[in-house]
Amino acid sequence: MTEYISNTVANLHGQVSADGGQSYTLRDFVKLPHAMAADGIVNGKEAISQTYIDDVFTSNPEKTAAFKNSAYGRALPMLKFYSNQWYVVDEDIAIGMGSFGQFIAFNKATNVAIAKFSTYKIGQDFEIAANDIAWLIEQVKSY
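In this note's numbering, the protein residues as written are 82 to 224.
Because the hints were derived from the structure by calculation, they are not lab data.
We put the CB at the ideal spot given by N, CA and C, even for glycine.
Since no wrong hints were added, every one of them can be taken at face value.
Derived DSSO-like pairs (lysine-lysine); straight-line CA-CA distance at most 30 Å:
{"id": "1", "residue 1": "K144", "residue 2": "K112"}
{"id": "2", "residue 1": "K126", "residue 2": "K197"}
{"id": "3", "residue 1": "K144", "residue 2": "K189"}
{"id": "4", "residue 1": "K161", "residue 2": "K149"}
{"id": "5", "residue 1": "K161", "residue 2": "K112"}
{"id": "6", "residue 1": "K222", "residue 2": "K161"}
{"id": "7", "residue 1": "K222", "residue 2": "K149"}
{"id": "8", "residue 1": "K189", "residue 2": "K222"}
{"id": "9", "residue 1": "K202", "residue 2": "K161"}
{"id": "10", "residue 1": "K112", "residue 2": "K189"}
{"id": "11", "residue 1": "K202", "residue 2": "K222"}
{"id": "12", "residue 1": "K126", "residue 2": "K189"}
{"id": "13", "residue 1": "K126", "residue 2": "K222"}
{"id": "14", "residue 1": "K197", "residue 2": "K144"}
Quick list of the computed label-pair ranges, beta carbon to beta carbon:
{"id": "15", "residue 1": "S180", "residue 2": "K126", "range": "27 to 33 Å"}
{"id": "16", "residue 1": "R108", "residue 2": "N150", "range": "36 to 42 Å"}
{"id": "17", "residue 1": "A211", "residue 2": "A128", "range": "27 to 33 Å"}
{"id": "18", "residue 1": "Y224", "residue 2": "A147", "range": "30 to 36 Å"}
{"id": "19", "residue 1": "P158", "residue 2": "K126", "range": "36 to 42 Å"}
{"id": "20", "residue 1": "D136", "residue 2": "A190", "range": "16 to 22 Å"}
{"id": "21", "residue 1": "K126", "residue 2": "A211", "range": "36 to 42 Å"}
{"id": "22", "residue 1": "K149", "residue 2": "I209", "range": "20 to 26 Å"}
{"id": "23", "residue 1": "M159", "residue 2": "Y133", "range": "21 to 27 Å"}
{"id": "24", "residue 1": "F207", "residue 2": "T145", "range": "18 to 24 Å"}
{"id": "25", "residue 1": "H94", "residue 2": "S140", "range": "31 to 37 Å"}
Sequences are here, hints too, so could you generate the full structure?
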């Protein structure tokens, strides 16, 4: 549950968009990676299934190759593969990215979650994103 008013975009039929148009406070934005870092448990209850979390970190040669051969994979070699809306760094760390510099990241091993807001002049600017991703990885590994 959010603590502050949030909103999202919906079409004329009331169907909510999951691919853009959301706005959050930073405090609410970090709740999803916090739940992922805590094996899906929030306030003692399962909010995200362990099956989903395990699937995020499960890859196969085809999935890994598809990512490595994509524009994101070529530009961001520190990421291993993409799965269920997450960019996987290693067996414990994953990152979520918005188009203009919004990031969430978590580390299952340390139960650390981070959210970062940025405003890129150009969407999906890989050069800037690479620096932000390196910083995020360093942060979730260092705590």
